[in-house]
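Peer 1: Let the hints inform the model, and build the full structure from the sequences given.
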Amino acid sequence: MAAAIDVDAVTVHYGFVLALDQATLRLEKGRICGLVGMNGSGKSTLFKAIMGLVKPDAGIVTIAGQAPAEARRTGAVSYVPQSEDVDWQFPLSVQDVVMMGRYGHMGMSRRTRKADKLAVAEALERVELHDYANRQIGQLSGGQKKRTFVARGIAQEATTLLLDEPFAGVDKRSEATISNLLKELAREGATILVSTHDLQALPDLADEAVLLMRRVLLHGTPGDVLQPDNLALAFGLDVMNRSGATL
Amino acid sequence: MSILEILLEPLSYAFMQRAVAVTVIASVVCAVLSCWLVLIGWSLMGDAVSHAVLPGVALAYIVGAPFAIGAVLFGFLAVALIGAVRDTSRVKEDAAIGIVFSTLFALGLVLISVTPSQTDLTHIIFGNLLGLSHGDLIQVVLLGTITFAILIFKRKDFTLYAFDPTHAHAIGLNPRLLGALLLGLLALTSVVALQAVGVVLVVAMLIIPGATAYLLTDRFGRMLVLAPSIAAVCAVVGLYASYYLDAASGGMVVLAQGVAFALVYLFSPRHGLVVTRITAARRRKLAAV
Ligand SMILES: Nc1ncnc2c1ncn2[C@@H]1O[C@H](COP(=O)(O)OP(=O)(O)O)[C@@H](O)[C@H]1O
Ligand SMILES: [Mg+2]
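Residue numbers (this note's numbering), protein chains in the order written: chain A, 1 to 247; chain B, 1 to 289.
Please keep in mind that the hints were generated in silico from the structure rather than gathered at the bench. As the structure is a prediction and not an experimental result, all values here were calculated from the model. Keep in mind that the hints are not guaranteed to be accurate.
Said to hold, decoys possible - In silico DSS-like cross-links for lysine-lysine, where the CA-CA straight-line distance does not exceed 27 Å:
| hint | chain 1 | residue 1 | chain 2 | residue 2 |
| --- | --- | --- | --- | --- |
| 1 | A | Lys55 | A | Lys29 |
| 2 | A | Lys114 | B | Lys154 |
| 3 | B | Lys154 | A | Lys117 |
| 4 | A | Lys172 | A | Lys183 |
| 5 | A | Lys55 | B | Lys92 |
Unchecked claim - Covered, in the sense of this in silico footprint (three residues per stretch, anywhere, with C-beta under 8 Å from a C-beta of chain A), are these stretches of chain B:
| hint | region |
| --- | --- |
| 6 | 151-161 |
| 7 | 171-177 |
| 8 | 205-219 |
All residues carry an ideal CB built from backbone N, CA and C; glycine is no exception.
Peer 2: Structure below.
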């Protein structure tokens, strides 16, 4: 069977900047993989390559055996953006945003049907935001903001979830809520790739981890990948002295 | 004169009826579009495209083609040129926008100045509400209706595009296409509106109503109702003011929108300056206690 996410020797440039250098990553269905690397190591670019948002100069991405365009058309892929990429002042409610997950299931004019309302209500229930359905998205805590976007992926019925630094600016309790939710979704068959700087929490969350520095330096169990010498390789030497620290 | 007479007297003239119809239609279409423009941050783009359609309209006039075609062609040309200058030189986007649209606008002025029968075309620059022909009216109604219908039919996709183009892409939509469609509609809307207020003032109608509505509500759906409502009221108020004060009609309509914005900016119950200042002061007082 084809891997759920298959990134094969993908190279991406932005002008003269080399952002990904023959990155290779295979992820089986139902797995959670933590993506670890310094700022600028290409984590966001890897997400963009998987979504087909940047065109690789070389290499191939397939999602469950499908070309990215095909996978997008079937609504298989959902993306939770980095917080700084979202306009939190935008006049939309939590419910409005989650409903956007349903657009792929709707007709041309995106008319809401009963099934869509049901799916949104259920997704809000799962992320425990049903009491916040009508709240403008800027008036949420960091964790609630993230959960809104996870709910959008749930409403979308996506099988591949890409989360770009979902724990940045999120308190520990919300982080645990989100982690448990992701583990639940993985048990139900979703494949999840999540970039994070919280190395301490990684072994609990993820089945595997990837160390990225333009190339995939290492791919293994979180325990192996988070060995101090490995981190030193990816982050520079000072990490060795404060191993286990949150980066 | 009774209030009813004041309201009805101008409408006894056919030219005022046409002026009211054209201005209300143009204001409403512009206002709907403005809701997305202010949220995407395309105000400058609106400024650029609405000016850059001038040579297109002039050329269309010269060769006898519909204004809309020339306008859309030059609208896209402007956007393409802006993108090219921005991406292939060290000039920043705002400068690229300024260079491209003012040059195209100048080209329009030159074309108009060398075209015989220039009276028709100079009206495009400042608008000529009181001299609208029946044909103008039909064109505005037609274009206005088409643009309005597309904007409303595709409103959810446009909002998704404005809010999160990445998600639009992820679920198989084409954000580039949506952006291009929005720009095309912007060019068409400019044609509709320049009949009413002239090329120079179109940009006001493309920004002010959306910005005003944005200060009034946190729901996009409500913005889409508030902006055109405010714009329609301003259109009528502005026209009546221009009739009774014998002042420039396009200017009056935009002035009315500016005043409406100022009032909302100050007194909006949600995001108005007065309320936010009072709340902040109260909070400080509480903190001091
Ligand atoms: N749109 C862009 N244009 C030019 N360079 C970019 C762009 N996006 C990212 N980069 C560069 O590519 C590299 C990888 O960036 P990114 O994927 O955002 O890393 P990360 O998410 O791990 O912080 C960085 O050097 C960054 O400066
Ligand atoms: Mg990033």
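Peer 1: Can you give the numbers of the hints that this structure goes against, from lowest to highest?
Peer 2: none
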